[in-house]
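Here the protein sequences line up with chains A and B, keeping their order.
Yeah, the first sequence ends on 497 if you go by numbering that gives the first Met the number 0, and it's all consecutive.
Yeah, the second sequence ends on 497 if you go by numbering that gives the first Met the number 0, and it's all consecutive.
Read the hints as simulated data drawn from the structure, not as lab findings.
Remember, predicted model here, so these are calculated numbers, not experimental data.
Please note: incorrect hints may appear among the correct ones.
With a straight-line cut-off of 25 Å between C-alpha atoms, the simulated PhoX-like cross-links for lysine-lysine are [claimed, not checked]: (1) K253/A / K144/A; (2) K359/A / K85/B; (3) K127/B / K96/B; (4) K195/B / K195/A; (5) K346/A / K282/B; (6) K359/B / K116/A; (7) K492/B / K248/B; (8) K359/A / K27/B; (9) K318/A / K426/A; (10) K494/B / K253/B; (11) K357/B / K345/B; (12) K346/B / K282/A; (13) K282/A / K345/B; (14) K318/A / K345/A; (15) K363/A / K27/B; (16) K14/B / K225/B; (17) K85/A / K359/B; (18) K14/B / K89/B; (19) K225/A / K144/A; (20) K144/B / K195/B; (21) K27/A / K359/B; (22) K345/A / K426/A; (23) K116/B / K359/A; (24) K27/A / K40/A; (25) K195/A / K451/B; (26) K253/A / K282/A; (27) K14/A / K40/A; (28) K27/A / K363/B; (29) K282/B / K345/A; (30) K85/A / K363/B; (31) K195/B / K451/A; (32) K89/A / K127/A; (33) K363/A / K85/B; (34) K127/A / K96/A; (35) K126/A / K14/A.
Covered, in the sense of this in silico footprint (three residues per stretch, anywhere, with C-beta under 8 Å from a C-beta of chain A), are these stretches of chain B [stated by the list, open to error]: (36) 193-204; (37) 332-338; (38) 366-374.
No residue lacks a Cβ here, since even glycine has one placed at the ideal position from N, Cα and C.
2 protein chains.
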Amino acid sequence: MDSIVEQMHTFFEPKAVAVIGASRRTMKAGHVIFKNFVINKQRNLFKAKLYPVNPNEKTIQGFPCYPSILDINDEVDLAVIVVPAKIVPKVMQEIAKKGVKAVAIISSGFSEVGNHKLEEEVTAIAKKAGIRVLGPNCLGVYDSKTGVDMLFLPETKTLITGDEVVATPRPMAGPIAIVTQSGAFGAAALDYLSGKQMGVSKFVSFGNKADVTASEMLAYLLHDPKTQVILFYAESIDNGREFMEVARKVTPKKPIVALKVGRSEAGARAAASHTGSIAGSDKIYSSAFKQVGVLRANDLEEFFDMGKALAFQPPVAGKNVAIITDAGGPGIMAVDECVAQGLNVKKFSEETIAKFEKLKQEGKIPRFATNLNPVDLTGSVTSEMFEEGTRILFEDPEIDGIIVLGLHHLPALQEDFVDRVAELSKKYTKSVVACDVGETEMALHIRSRFDKLGIPAYFSPEDAARGMAALVNYGMYLKKCGQFDQYFESFMKRKNMS
Amino acid sequence: MDSIVEQMHTFFEPKAVAVIGASRRTMKAGHVIFKNFVINKQRNLFKAKLYPVNPNEKTIQGFPCYPSILDINDEVDLAVIVVPAKIVPKVMQEIAKKGVKAVAIISSGFSEVGNHKLEEEVTAIAKKAGIRVLGPNCLGVYDSKTGVDMLFLPETKTLITGDEVVATPRPMAGPIAIVTQSGAFGAAALDYLSGKQMGVSKFVSFGNKADVTASEMLAYLLHDPKTQVILFYAESIDNGREFMEVARKVTPKKPIVALKVGRSEAGARAAASHTGSIAGSDKIYSSAFKQVGVLRANDLEEFFDMGKALAFQPPVAGKNVAIITDAGGPGIMAVDECVAQGLNVKKFSEETIAKFEKLKQEGKIPRFATNLNPVDLTGSVTSEMFEEGTRILFEDPEIDGIIVLGLHHLPALQEDFVDRVAELSKKYTKSVVACDVGETEMALHIRSRFDKLGIPAYFSPEDAARGMAALVNYGMYLKKCGQFDQYFESFMKRKNMS
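Kindly produce the complete structure, drawing on both the sequences and the hints.
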């Protein structure tokens, strides 16, 4: 395993990178990729050496250009290949001679279009020389810390009007790693996470998986100190046994959320024609994931929602959820979805009910507020009421997790309820997720404020319930394998340090 | 029925409105509501007469103030009550004496807090005088055309920092009516629809439903020329027979999308404590909705997504869906969700496949593009390819609806593919929905451009599939009751006029 970690590490933190097929022509992938590295070097983010290789150019972006990798008078450990498929074998021969350890083949035109023979030729050269190959036909790697950025999708695009707009943003640094078979999905994920201000540690897209597998990347990420949560998109998993073995090692330490598409027969057929892989029965995937603690998302939105919950909050040790709200209707939606997810929304204990009654007598919450579960603070809600009510839920030992539905529309509620709830949550170890509904200024402000203070906020009550369910399901798995306390402790330590 | 329509009409298009409890004090609901009317009068949107009633003031916002409604020397057909619950009976007596036809009681403090007797007293006065009552304990009415706006939730809020932000926006005028039991949910819906640039015709929130029922409002909206799609939120439906009868009349003319919460036992219990109503078995609701063609949404997001599809596109006459994409992975997600929704994603006919093969031979789409279903134009996609590929799908008589997944990230795709697809769609009557994934500039631009051109765009492939499913399910119902052609024709006529 350790040698695999070392091998994979070269893709993310190389000492010297050669971009083979670097280009001066702005529309070329070889231009975008080389420029990514140059810019990250200027930012002092990318600290390794950088060499453009292209027999037709003298210099590119101010860097002296080499006709072949063999002309570089220095050791190179990582090569990025962006040349037409048919000359990749020749390039690989030179790379092998040069003693390069890791190669990302971005170029397409291999098994995905039926050119199996060409792909086999390339992998045979690599195998003989002990080179690890990512791809071909992939987006490669993006690392927010080391500045490795092989994405040939430019950060901005120029519209027909002449305006330049953000098209494929690179997210800020953060705890989420993305491991994806599909490049297009990967790009969309980066765009989504950037817009939602969610940070990414590492990104890797596999394409044809001619050599390096998802399982090897998962094994590597287990040891990556920057990665806390792994979002894993797959259309097929080739070596099930290897995957199960690796996942079993990773999940007690870091949650893996999987979006495995091709659930339906028609979807599996589409997956087969997309990457040429046979997907196998969907039920087998579900039960395999469950067995090794991989959390399966049902769709794209849930995939990100689960990742957000697990990145922001600790796992939950039981299924009893309390909901506090100022909006009766959305409160019911959250209950419905909690129940659909297998969580319990029980009536509170007599002690907790008595505490709410006391608050009413003291005039601290409205006397007609509901103190069942959900607690409904009604339209007369204030920030103080959210604080006082949530405190009681934190103190109740029977409650495992809390959902705060703070719809900002009610007249007397001020935005500081977010800060009050977040401040309170620091005194307890209980997990909290939040929700505000709306798509204009104040709703966006409330959700982003919650996020900033470490409480994941969602745009619908059902999404919040799904986020909570991810925390509970992961907690249940950790308990089952006796790792809850250890994970919980390391999570809290990390949280307190940040 | 006609008399009910006339009665309900007064709530939306009164000739003279008295706001009883209008106030100069900015924190009061009576201030916000009266100010809404004044502002809409200044905008020349609200054209009816307006009278503030408050015995403690001489003028409010420049309007002479009346001690009692009886002091107004003019006919008044609509009264909005915003005084403390305990004086509502006295106010109602005066209203009855004045001969007012319709009253919205915004005030709370009635059956929702156990004051059944007070509520009964008020409704008895109304009944005796032939007054129709909306509420009590409700948000009342918002009409984008007549400027009636009883919402006491201010459009903007001032943050602690002193910044003023949009808090409860009023959406622009448009085809969607919102009928909601919960006020808080209603406010959230307005916020959501505003942010998503979706237009609203009428909004009505019921509260305790002491008199006017949801069924009466649905009956009214059937005859409202501004309303094309009805979004209906309910925690309970009191008179099932009446509802079924009305819905059966409405749904062949206008789709009703229902979000009925309290599906789970715990949710139903919460609903009961929220509005005091007994929800009944959830399965009964599902089968009743199905029987009368009401489309049921599973959660908040689907509720709006379905409404958007039905507002933008005509119903679909069959279950065969074609998907065209530049992103294999998201294409598979769309297939999976289509199948889960009961739609067919079949292999194309030989003729259609031959057309795609011809495009390949002509070099108009990549030779390694997939022409099964989904059509995958691959990462080499251009705007022309989307146009040419989609044209073939429009021409195939076996295909009922089309999903366009245009992920903008791919390098050679320009934003004009949106205009090309929209232009093409005008030549055919087939329904189209679209999707682009991402939350930064270009994704937001692509989705909003699709929306503007009448093609509903979604942020995930699954949401797009759910939108298409709403069009298909509504189409199936219309066919079942022999109303498809008639609805389709009137939809297309409306679309061509706008």
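Earlier hints that do not hold, by number: none
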